Amino acid sequence: MEKYFGTAYGGDPGVPHADPTRFTNIWIGSAAWHDKAFLFEQYHWKKAREKKQPYKFKWNEYMDRELRDAYYNNWPVYFP
Numbered sequence: 001m002e003k004y005f006g007t008a009y010g011g012d013p014g015v016p017h018a019d020p021t022r023f024t025n026i027w028i029g030s031a032a033w034h035d036k037a038f039l040f041e042q043y044h045w046k047k048a049r050e051k052k053q054p055y056k057f058k059w060n061e062y063m064d065r066e067l068r069d070a071y072y073n074n075w076p077v078y079f080p
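Counting in UniProt numbering, the sequence shown runs from 1 upward without gaps.
It should be emphasised that the hints constitute simulated quantities derived from the structure, not laboratory data. Quick caveat, the model's predicted, so the values are computed rather than measured. Every residue gets a Cβ at the ideal spot worked out from N, C-alpha and C, and that includes glycine.
The calculated label-pair distances, taken between Cβ atoms and stated as ranges, are:
(1) His34 / Arg65: 16 to 26 Å
(2) Ile28 / Lys52: 37 to 47 Å
(3) Trp27 / Gln53: 31 to 41 Å
EDC-like mimics (lysine to aspartate or glutamate), calculated; alpha carbons at most 20 Å apart, straight line:
(4) Lys51 / Glu41
(5) Lys58 / Asp69
(6) Lys52 / Glu41
(7) Lys47 / Glu61
(8) Lys47 / Asp35
(9) Lys56 / Asp69
When you get a sec, could you build the whole thing from the sequences and use the hints?
Put into structure tokens, the structure is as follows:
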């Protein structure tokens with residue numbers, strides 16, 4: 001990540017959120033949120049399966065197919 005964003009956010013005093021510690025924390029936090037969201041889906045899916053009820057994934061409800069595909073296809077751009 002430093003290779004891509006380090007020069008732009010490497011402590012520029014004109015950018016309030018540019019200190020290196022805060023930049024790292026933002027990326028760690030977003031990755032943790034992503035994992036937590038998928039664990040939420042898995043937990044509720046398992047509970048629905050135990051009750052033998054159908055479960056509609058929230059991921060599919062608020063993102064259309066094109067946006068979901070773009071989300072996964074662009075991962076290698078951000079995390080090579």
